[in-house]
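Trainee: Top to bottom, those sequences are chains A and B. The numbers in our numbering rise by one with no breaks, and the one at position 27 of the first sequence is 27. The numbers in our numbering rise by one with no breaks, and the one at position 11 of the second sequence is 11.
These are calculated hints, taken from the structure and not from any lab test. Don't take every hint at face value.
[Unchecked claim] The list that follows gives simulated cross-link-like pairs (lysine-lysine, DSSO-like), each with its CA atoms no further than 30 angstroms apart: (1) A:K23 with B:K228; (2) B:K24 with A:K51; (3) A:K53 with B:K23; (4) A:K53 with B:K24; (5) B:K172 with B:K228; (6) A:K172 with B:K14; (7) A:K14 with B:K31; (8) A:K31 with B:K14; (9) B:K51 with A:K24; (10) B:K129 with A:K78; (11) A:K50 with A:K94; (12) B:K228 with A:K24.
2 protein chains.
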Amino acid sequence: MTKNKMRGKMLLNKINEVREEVKKWRAEGLKVGLVPTMGALHEGHLSLIKKAKAECDKVVVSVFVNPIQFGPSEDFDKYPRTLEADTELCDGEKVDIVFAPSAQEMYGNNRLSNDTLTYIYPPYFFVDKLCGKSRVGHFDGVCTVVMKLFNIVQPDCAFFGQKDAQQVIIIKKMVNDLNVPIEIIQCPIVREESGLALSSRNKYLSEEGKKDALVLSQILNNIKACYKRGITDIEALKETAYSYLTEKHDMEYLEILNKNNLEEEKFADENSIALIACRVDGVRLIDNILFTEDENA
Amino acid sequence: MTKNKMRGKMLLNKINEVREEVKKWRAEGLKVGLVPTMGALHEGHLSLIKKAKAECDKVVVSVFVNPIQFGPSEDFDKYPRTLEADTELCDGEKVDIVFAPSAQEMYGNNRLSNDTLTYIYPPYFFVDKLCGKSRVGHFDGVCTVVMKLFNIVQPDCAFFGQKDAQQVIIIKKMVNDLNVPIEIIQCPIVREESGLALSSRNKYLSEEGKKDALVLSQILNNIKACYKRGITDIEALKETAYSYLTEKHDMEYLEILNKNNLEEEKFADENSIALIACRVDGVRLIDNILFTEDENA
Numbered sequence: 001m002t003k004n005k006m007r008g009k010m011l012l013n014k015i016n017e018v019r020e021e022v023k024k025w026r027a028e029g030l031k032v033g034l035v036p037t038m039g040a041l042h043e044g045h046l047s048l049i050k051k052a053k054a055e056c057d058k059v060v061v062s063v064f065v066n067p068i069q070f071g072p073s074e075d076f077d078k079y080p081r082t083l084e085a086d087t088e089l090c091d092g093e094k095v096d097i098v099f100a101p102s103a104q105e106m107y108g109n110n111r112l113s114n115d116t117l118t119y120i121y122p123p124y125f126f127v128d129k130l131c132g133k134s135r136v137g138h139f140d141g142v143c144t145v146v147m148k149l150f151n152i153v154q155p156d157c158a159f160f161g162q163k164d165a166q167q168v169i170i171i172k173k174m175v176n177d178l179n180v181p182i183e184i185i186q187c188p189i190v191r192e193e194s195g196l197a198l199s200s201r202n203k204y205l206s207e208e209g210k211k212d213a214l215v216l217s218q219i220l221n222n223i224k225a226c227y228k229r230g231i232t233d234i235e236a237l238k239e240t241a242y243s244y245l246t247e248k249h250d251m252e253y254l255e256i257l258n259k260n261n262l263e264e265e266k267f268a269d270e271n272s273i274a275l276i277a278c279r280v281d282g283v284r285l286i287d288n289i290l291f292t293e294d295e296n297a
Numbered sequence: 001m002t003k004n005k006m007r008g009k010m011l012l013n014k015i016n017e018v019r020e021e022v023k024k025w026r027a028e029g030l031k032v033g034l035v036p037t038m039g040a041l042h043e044g045h046l047s048l049i050k051k052a053k054a055e056c057d058k059v060v061v062s063v064f065v066n067p068i069q070f071g072p073s074e075d076f077d078k079y080p081r082t083l084e085a086d087t088e089l090c091d092g093e094k095v096d097i098v099f100a101p102s103a104q105e106m107y108g109n110n111r112l113s114n115d116t117l118t119y120i121y122p123p124y125f126f127v128d129k130l131c132g133k134s135r136v137g138h139f140d141g142v143c144t145v146v147m148k149l150f151n152i153v154q155p156d157c158a159f160f161g162q163k164d165a166q167q168v169i170i171i172k173k174m175v176n177d178l179n180v181p182i183e184i185i186q187c188p189i190v191r192e193e194s195g196l197a198l199s200s201r202n203k204y205l206s207e208e209g210k211k212d213a214l215v216l217s218q219i220l221n222n223i224k225a226c227y228k229r230g231i232t233d234i235e236a237l238k239e240t241a242y243s244y245l246t247e248k249h250d251m252e253y254l255e256i257l258n259k260n261n262l263e264e265e266k267f268a269d270e271n272s273i274a275l276i277a278c279r280v281d282g283v284r285l286i287d288n289i290l291f292t293e294d295e296n297a
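Pulled out of the complex, with its shape left as it was, chain A reads as follows (with noise of 0.2 angstroms):
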């Protein structure tokens, strides 16, 4: 049904179909490039996408609502699911393949439990922080479904968004710790012009909840321009966010560590970043900025 929906392109849900198709790209030598996907996607993606279509030769899109990343209690059924709008949005930036498997193809009949499945489990350290204190589990299921996915396409670089940083540096420690043949390429966060970071859980926010969001960027632009003028104390830099903050913000965590080992420090300086989870109208919002300006240009 939906091959023919896409000009030219092709929509593949088997993982079979998609090694042939990169198989005959290899052979000629071209340079891949993969895009993983929840799906739902938005301007940020679409920023994901074209840094691709730039330095790739041909770029695979996957769209996976991945069920082993969402705990029990978490959105897995709720999250949004608009393939056939990922779709168009793709065949609009020339995508040359949107992989979209079922849980099934992904999974086989196993149960999805660590009795069952073989996983990836990034470093202690990386995990038991910022989003994985609260999401136990999260991240041992990024990085095996991105592994898989990896494994599936073998592209010459893959593209994640720094809106998830911690994500981006677990999967970067583990594309090094697992000596994975493939670069990691990190873009920036795309914000409305409220100063909001996309996101996908976006679409839960009323209009009310859309405002009291932007809390979020306003707290750490208001720590990095504290940090530019001079502040490199990190605990009072977290203290400038409480003058933001009302009944309507459920703060999850606020942290300023290290970007690359996510260690904490006593004082700020570059390799800083201001990282921020809160919950707003119901909705667990992330966001972070880092202390080097051109990377989040």
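Use these hints to put chain B onto chain A, whose structure you have.
Mentor: Then chain B, alone, in the frame of chain A:
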């Protein structure tokens, strides 16, 4: 130094050097085989290498005593290291590359723990039995280093011995679960004329220990003979072992399981495998036998 020792072959220590060589082969469309070993090569390894030479255009043998698959009380320091002899044996088999990295090359300056390194964890169901029960963390270390070697060499196929039955079942499961694009080829156990399965750890045995060690293959052969004569009740088959054992044998396990998924069953059939681990003369030895004839051959 050692580079010249191999007649026209190459002993390489660096990941990048191996990758470069293999890349050239790939560009020529050659089929690449990997034989991962911990060195101390014997006829068992040579049978893997011969199989790889027969099935592939180019063969890489890795020699790496992997620290993260040894427990704190195990024989990592004592494990035999005979790189010069190994290299000569590989040369005799016309191996194209012997890859013998340092631990530093494989793991960098990281502390070797799951706090600091990304690990592969095979499913608990496959690990919590047989050797996995006494060797806690062993198969995590095996899977992690095997995945690293796979990513470094990127072979078309990799060769493993049936001797380490649980290992090869777990690696096949990993390859399947993580969509690793490599064919796993399982090679039969090589035995001394006496019946003793070859193992690098046989070097630890005294002459008397070697004789006492024959009990392992005798027990397995007898179990299979009983099965052939019509006994299928697994408890009954296991009971036939006891008459062989003396105070010199410290049995760790004797199990008859399904050879594909390591499930326990009540009755044996052609999918069964009998596995034994026993400490003899202070040396931990393992052996196994498949209930189908051809696969042991």
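Trainee: Next, verify each hint and record whether it holds.
Mentor: Now for the hints, and whether the structure bears them out:
no.: 1; hint: A:K23 with B:K228; result: violated, 47 angstroms
no.: 2; hint: B:K24 with A:K51; result: holds, 29 angstroms
no.: 3; hint: A:K53 with B:K23; result: holds, 25 angstroms
no.: 4; hint: A:K53 with B:K24; result: holds, 27 angstroms
no.: 5; hint: B:K172 with B:K228; result: holds, 28 angstroms
no.: 6; hint: A:K172 with B:K14; result: holds, 21 angstroms
no.: 7; hint: A:K14 with B:K31; result: holds, 25 angstroms
no.: 8; hint: A:K31 with B:K14; result: holds, 25 angstroms
no.: 9; hint: B:K51 with A:K24; result: holds, 29 angstroms
no.: 10; hint: B:K129 with A:K78; result: violated, 39 angstroms
no.: 11; hint: A:K50 with A:K94; result: holds, 9 angstroms
no.: 12; hint: B:K228 with A:K24; result: violated, 50 angstroms
Hints 1, 10 and 12, counting from the list given before, are not met by this structure.
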